[in-house]
Amino acid sequence: MVVVDGRGLSCPEPVLLAKQAIEAGKFPIKVLVDTVTSRENVRRMAQFSGCVVEVTQQGDEFELMLRKK
Amino acid sequence: MRDRLTRFFASRWGIVLVGAIIGVLGPVLQKLGNPANMGICVACFERDIAGALGLHRNAVTQYIRPEIIGFVLGATLAALLFREFKARAGSAPIVRFVLGFFAMIGALVFLGCPWRANFRLAGGDLTAVPAILGLVLGIAIGVWFLRRGYTLGRSLRTPAAVGWIMPLTMVGLLLLLLWQPVFSEGGPIFFSEKGPGAAHAPLLASLLIGLLIGFLAQRTRFCTVGAVRDVILMRDTHLLSGLLALLVMALITNLALGQFKPGYAAQPVAHSSTLWNVLGMVLAGLAYALAGGCPGRQLFLSGEGDGDAAVFVFGMIVGAAFAHNFNLASKPDALAEGVLKVGGPSPFGMGAVILGLVVCVALGFAMREKKLVAKGG
Chain A
0 MVVVDGRGLS CPEPVLLAKQ AIEAGKFPIK VLVDTVTSRE NVRRMAQFSG
50 CVVEVTQQGD EFELMLRKK
Chain B
0 MRDRLTRFFA SRWGIVLVGA IIGVLGPVLQ KLGNPANMGI CVACFERDIA
50 GALGLHRNAV TQYIRPEIIG FVLGATLAAL LFREFKARAG SAPIVRFVLG
100 FFAMIGALVF LGCPWRANFR LAGGDLTAVP AILGLVLGIA IGVWFLRRGY
150 TLGRSLRTPA AVGWIMPLTM VGLLLLLLWQ PVFSEGGPIF FSEKGPGAAH
200 APLLASLLIG LLIGFLAQRT RFCTVGAVRD VILMRDTHLL SGLLALLVMA
250 LITNLALGQF KPGYAAQPVA HSSTLWNVLG MVLAGLAYAL AGGCPGRQLF
300 LSGEGDGDAA VFVFGMIVGA AFAHNFNLAS KPDALAEGVL KVGGPSPFGM
350 GAVILGLVVC VALGFAMREK KLVAKGG
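Residue numbers (numbering that gives the first Met the number 0), protein chains in the order written: chain A, 0 to 68; chain B, 0 to 376.
Derived by calculation from the structure, the hints in this document are not laboratory data. Take the hints with a grain of salt, since some may be wrong.
[Stated by the list, open to error] Looking from chain A toward chain B, a few residues come up when the C-beta cut is under 7 Å (computed):
1. Ser9
2. Cys10
3. Glu12
4. Pro27
5. Leu31
6. Val35
7. Thr36
8. Glu39
[To be verified] To list a few chain A residues with every Cβ distance to chain B over 10 Å, as calculated:
9. Gln57
10. Glu62
11. Lys67
In this text, a Cβ means the ideal position worked out from N, Cα and C, and glycines have one as well.
With the sequences and hints as input, model every part of the structure.
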């Protein structure tokens with residue numbers, strides 16, 4: 000599993016890192032973010048790129064699991 | 000209920016609706032008294048606040064703009080209601096200050112931020128066209144750096160106090176606006192008696208509209224720079240659809256209110272020195288892109304606890320003070336007895352734009368971290 004740590008990064012860096020991971024093609028990809036903005040941005044980009052996204056909340060952080068459809 | 004609202008605001012319709020609302024409210028604020036084609040201009044209004052506090056002494060641009068206060072506090076309210084208020088800081092604050100400083104210089108050489116560029120265009124000011132192209136170019140340069148690993152690094156959770164500094168600063172400004180104390184003879188607080196600083200909608204209308212926009216923009220992450228950036232970076236038109244909704248609705252509202260006056264020269268609080276409109280906005284676009292969002296977005300972020308965005312805002316306010324104290328801000332076109340006098344920046348303003356571009360490009364190359372990319376596990 001590939002882990003992308005987007006916590007604490009400004010817009011659009013978490014999305015950019017997640018996108019690079021998707022393009023590298025090693026699934027599943029776990030993306031960690033700590034704002035709702037980043038959660039929504041990564042989710043939108045991943046779905047747009049044809050991934051299935053599963054979100055779990057851990058405290059005030061979020062874990063997005065991206066899988067290929 | 001709260002989750003459903005959150006989902007709606009995150010949707011395409013959510014951002015379009017909010018863009019449309021801002022597009023209507025900008026021209027309405029002009030009808031109510033704000034300067035022409037300046038329904039909402041984050042850069043101009045922060046500059047007016049700097050003037051009201053006496054940080055610069057340009058007598059025609061001094062007013063504590065309630066819209067700015069509303070933007071921050073509306074975002075704070077939304078963040079608290081939806082449990083998103085989160086104090087955080089530590090992502091290269093001094094770099095953000097410098098970016099805010101030069102973003103303001105660029106904006107004041109053009110005479111407007113990305114928000115006003117759109118409101119100017121919607122009012123028929125065609126000088127906004129090359130300026131917006133310059134803005135897009137500046138953002139594209141920012142994207143080029145982002146693709147090459149540009150980063151300001153991670154912010155960290157902080158005690159709540161960090162997140163409250165900006166909202167409480169705005170409460171303080173609101174108190175100064177309501178009481179209008181005079182601190183010394185001929186001294187601050189200054190309020191313009193003529194010029195754009197004297198043109199303003201009634202306080203309560205400005206404040207309430209500001210609060211509404213701050214609330215809605217916090218929920219939808221409305222951003223005039225992210226709109227362009229996301230299209231260039233990843234063909235994502237989500238934020239752009241909000242910006243286009245703003246532009247279209249502002250145009251329609253201006254037509255309905257008789258505020259649409261197409262032309263190139265002598266537009267309200269604008270100059271037709273095309274090269275410097277373009278270069279000013281290249282600088283602003285680059286600085287905003289490197290800082291992660293437009294001046295409005297920085298206010299909304301600072302309202303929800305982002306101490307780094309707050310530093311950017313303070314950088315902009317200091318930049319505005321320098322822009323007027325050092326004669327960097329452009330002069331608008333003037334019509335004297337039917338003769339057009341084309342405005343634009345002084346040689347100092349031109350030099351400041353060049354300096355700003357050099358500094359931003361240097362930061363674009365310098366602020367890089369190699370080890371942020373995904374690790375296997």
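Minimum Cβ distance from Glu39/A to chain B below 7 Å? holds, 5 Å
Going by Cβ atoms only, is Val35/A closer than 7 Å to chain B? Holds: closest Cβ of chain B sits about 5 Å from Val35/A, inside 7 Å.
Beyond 10 Å from each Cβ of chain B, as asserted for Lys67/A: holds, 16 Å
Interface hint status, Glu12/A versus chain B (Cβ within 7 Å): holds, 6 Å
Measuring Cβ to Cβ, find out whether Glu62/A lies farther than 10 Å from everything in chain B. holds, 13 Å
Does Pro27/A pass the interface check with chain B, least Cβ-Cβ distance below 7 Å? Cβ of Pro27/A sits 11 Å from chain B, so the hint is violated.
Please check whether Leu31/A passes as an interface residue: C-beta within 7 Å of a C-beta belonging to chain B. violated, 11 Å
Taking the closest Cβ pair, is Cys10/A under 7 Å from chain B? With a minimum Cβ separation of about 5 Å from chain B (threshold 7 Å), the hint on Cys10/A holds.
Using the nearest Cβ pair, does Thr36/A come within less than 7 Å of chain B? Since chain B brings a Cβ to about 5 Å from Thr36/A, closer than 7 Å, the hint holds.
Using the nearest Cβ pair, does Ser9/A come within less than 7 Å of chain B? holds, 4 Å
Going by Cβ atoms, does Gln57/A stay more than 10 Å from chain B at every point? holds, 14 Å
Taken one by one, the earlier hints fail for this structure at numbers 4, 5, listed in ascending order.
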